[in-house]
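Visitor: Here is how the chains run, residue by residue.
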Amino acid sequence: MTAPTPFTHVVFDGRRLTLDRRAEGRRLRADSRCFDGPPVQGAYAHVCAGADAEARLPFDTPEVQQARRDALASWIPRLGASFVCLTTLAVDAVDCGGAITVARDPAAFASDPFARLFPGTVVRTDLFADVSPPAGPVIERYAGAPWPGGGF
Amino acid sequence: MTNDNASVAATTAVDPALEAALALERGAPFPDLDLPDHTGRPRRLSELAGGDPIALIFSRGWWCPKEQRHLRELAQLQDEFEVAYARIVVVSVDPVEVQGAFRAGLGARFTFLSDADRRWLPRLGLGETTDTVHEPYQPAAFTLLPDLSVHRVYDGYWYWGRPTMEEVRRDMREISRSVRADWELPRA
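Taken in sequence, the protein lines are chains D and U.
Using our numbering, the first residue of the first sequence is number 145, and each one after it goes up by one.
Using our numbering, the first residue of the second sequence is number 132, and each one after it goes up by one.
Calculated directly from the structure, the hints in this document are not laboratory data.
Glycine included, C-beta positions come from ideal geometry on N, C-alpha and C.
Careful: at least some of the hints might be erroneous.
[As the list claims (entries may be wrong)] Covered, in the sense of this in silico footprint (three residues per stretch, anywhere, with C-beta under 8 angstroms from a C-beta of chain D), are these stretches of chain U:
hint : segment
1    : 254–260
2    : 264–276
[Unchecked claim] Some residues of chain D that are not near chain U, with every Cβ distance over 12 angstroms (derived):
hint : residue
3    : G194
4    : R213
5    : S218
6    : A225
7    : V238
8    : D274
9    : Y286
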């Protein structure tokens with residue numbers, strides 16, 4: 145099995161989200177699969193992250209683990225067919241800078257479990273591709289890749 | 132009652148529909164099931180494996196008290212699976228929306244696959260022929276390697292034939308040991 149590229153950098157300035165690495169804002173690692181296929185036009189990204197470099201928590205803290213459990217248990221099923229993709233945002237091999245959930249309809253974003261970690265911002269976006277939701281129950285990360293990406 | 136190295140349908144092989152199940156034995160490749168998950172999204176078993184070992188559970192359905200009991204136990208075990216790079220997948224004939232509700236009631240975070248159309252049931256030879264009302268799957272469990280080859284088979288028609296949580300742990304350990312190149316940390 146060929147190991148997938150572990151992450152792609154996104155840049156978030158608190159309002160806008162881009163893959164332009166020269167843009168001003170905070171660079172965060174996202175699951176590369178979210179950018180591998182044809183982008184879904186006119187989708188909505190719920191960016192639960194801060195532009196401030198201090199907005200970070202270790203992936204292993206209980207609140208970050210529980211947000212991932214809640215995503216598997218109820219958040220993804222709740223989005224149903226609206227779901228496009230989901231990625232946590234890694235600052236480095238240890239810290240989580242938040243998460244992005246992308247959907248065709250933003251109506252359910254108030255229930256995003258990752259908004260408990262960092263406040264959510266809704267961004268209209270054409271960047272993200274459809275990715276099958278994580279199968280669960282695994283919440284551990286593979287080789288430092290942003291959850292749910294990576295694999296052995 | 133654990134059927135090591137045994138076909139799950141070996142005791143009912145007189146039914147021609149069950150002949151396909153004779154291939155579901157230790158070392159054999161398990162079919163790459165393509166079924167909708169509990170949200171209705173099409174999934175493949177290989178995709179759900181994602182390179183990890185799988186405990187694959189065939190369940191009668193939400194209505195069976197034995198299934199409720201066994202799946203509650205698996206929902207407890209998921210706390211170990213979530214940190215151990217292994218997967219749990221449940222297949223039943225329950226419709227998608229019923230599976231979604233049942234899964235939520237169990238507090239499960241693993242994937243359910245719906246074979247409500249009985250598309251795979253006869254091909255796998257896992258129909259419970261004694262239940263002509265629900266036409267469900269015969270309770271059975273398979274522990275699979277990441278490439279979907281069968282590690283061990285359990286015939287759960289009688290409740291005691293199902294894998295205990297200790298047996299699931301044992302199988303996951305055996306599979307992980309065989310597929311993880313770094314199972315034993317290299318000595319400096």
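Visitor: None of the hints should be skipped; say for each whether it holds.
Guide: Now for the hints, and whether the structure bears them out:
1. 254–260: violated (count 0)
2. 264–276: violated (count 0)
3. G194: Consistent with the label, G194/D stays out of reach of chain U, its closest Cβ about 27 angstroms off (over 12 angstroms).
4. R213: violated (6 angstroms)
5. S218: The claim is violated: S218/D sits with its nearest Cβ about 7 angstroms from chain U, within 12 angstroms.
6. A225: At roughly 7 angstroms from the nearest Cβ of chain U, A225/D sits no farther out than 12 angstroms, so the non-interface label is violated.
7. V238: The claim holds: V238/D sits with its nearest Cβ about 16 angstroms from chain U, beyond 12 angstroms.
8. D274: Given that some Cβ of chain U is not farther than 12 angstroms from that of D274/D, nearest at about 10 angstroms, it is violated.
9. Y286: Since the minimum Cβ distance to chain U is about 8 angstroms, Y286/D lies within 12 angstroms and the statement is violated.
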